Each structure stands twice: as structure tokens, then as C-alpha cells.
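In terms of the working numbering, the sequence shown has 75 at position 75, counting the first letter as 1, and numbering is strictly consecutive.
Derived from the structure by calculation, the hints contain no laboratory data. Given the structure is predicted, the values throughout are model-derived calculations rather than measurements. Note that beta-carbon positions come from the ideal geometry of N, C-alpha and C, so glycine has one too. Hints should not be assumed to be uniformly reliable.
[Unchecked claim] Computed Cβ-Cβ distance ranges for the label pairs, DEER-style:
#1 R79 - S138: 29 to 39 Å
#2 N21 - S80: 32 to 42 Å
#3 T163 - H95: 28 to 38 Å
#4 T94 - P43: 22 to 32 Å
#5 G152 - G81: 35 to 45 Å
#6 E25 - R79: 36 to 46 Å
#7 D22 - R58: 13 to 23 Å
#8 G59 - G81: 29 to 39 Å
#9 R58 - A117: 32 to 42 Å
#10 R154 - R110: 21 to 31 Å
#11 E149 - E83: 32 to 42 Å
#12 L150 - E83: 33 to 43 Å
#13 E41 - V75: 12 to 22 Å
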Amino acid sequence: MGERGRRCSRPGGTRLVGLLNDLGEGPLGLDTAVFIYFVEENPAYLPLVEPIFAAIDRGQVQGVTSAITLLETIVVPLRSGNEVLARRYESLLTHSRGLKLVHLDLALLRAAAHLRAITRLKTPDAIQLAAALSEGCSTFLANDHRYPELHGIRILQVDDYLTEKPAT
1 MGERGRRCSR PGGTRLVGLL NDLGEGPLGL DTAVFIYFVE ENPAYLPLVE PIFAAIDRGQ
61 VQGVTSAITL LETIVVPLRS GNEVLARRYE SLLTHSRGLK LVHLDLALLR AAAHLRAITR
121 LKTPDAIQLA AALSEGCSTF LANDHRYPEL HGIRILQVDD YLTEKPAT
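All chains should be modelled from the sequences, with the hints used to inform the complete structure.
What follows is the structure, given as C-alpha cells:
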């Protein structure tokens, strides 16, 4: 993952071991926020997400996200004229070994529509979950409490692993 965040020497204020243990076996679905925390080196969340990206880079964890993540991550950089940051996101999402970017196709869109129908998720969230489910993910890491409990996939919230909540 050539475009990695900086190295953190200690995970102060986090319960990193708990998060890593809770990821379980198999591919791991990742919501857009997880990528933003990593690439933009969010000081509250980087100690939690950086080891996950390192494990993905080493091939110990298969990361999965939908192509909607590319759209969601580059809008703000493009709007502000930050082409370098937009390219960092695109490079991470399209060239990282151990990370699968699930493209939108008819089957995925139908699955997302089904999820929206039964959960009232917003379209991007339904696409993210449909992508994770289509790739056999048993766990999905997000930081959005709008994701409902679903049979077949555990939704983990990054905030639940902080010992100190970030200032808003």
C-alpha cells in the first residue's frame, strides 16, 4: 500500500487488541470512513485502522469495499482542488494488494436495492453492505450507527474501540 498513513508508536486511547480480535476470519468489509481515517491520518482513529491496513498489505486480511468508496473519498479533495489527495485515495483503492474494490454491476445493485427495501439504508450504505456480503465478508467495519444488525454479517463501529471519544 504505497500510500500509507504515518506509523504510530502506540495506540493510546484505543482498544486495538479488542478490535483486531473482533474482526474474525475471512474477508473484512470496510466502509468509506475507515479509508478516510487512514489516508488523512486522523489522530483519534489512525491507531485503530492503521494495523488493519498493515494486515491487508501483508495479505493477512482480505479487505473489501465497493467502488462507491472511490466516489465518496475523492469528492472533497476534488472540490478543494487537492488532486494529490484524490490520487492517493485512488491509488490505495485500485492498487493495494489484499484490497478488493467491488465494482457496481446489476447483481450488486439488485442486492443493494433489496437491503434498502428491508432496512431503509441510504443507497451508498446499502451498496457497501451488498458488496461486503457478495464477497463473503462476515464482518463490516464502519463508523456509522445507521447500519442495522443483519443476519450473516457483524457490523463493528470504530468508535466502540476508542477509550476516549474525539472532540467534535
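- Task: Find the hints from earlier in the document that the structure breaks and name them by number, from lowest to highest.
- Result: none
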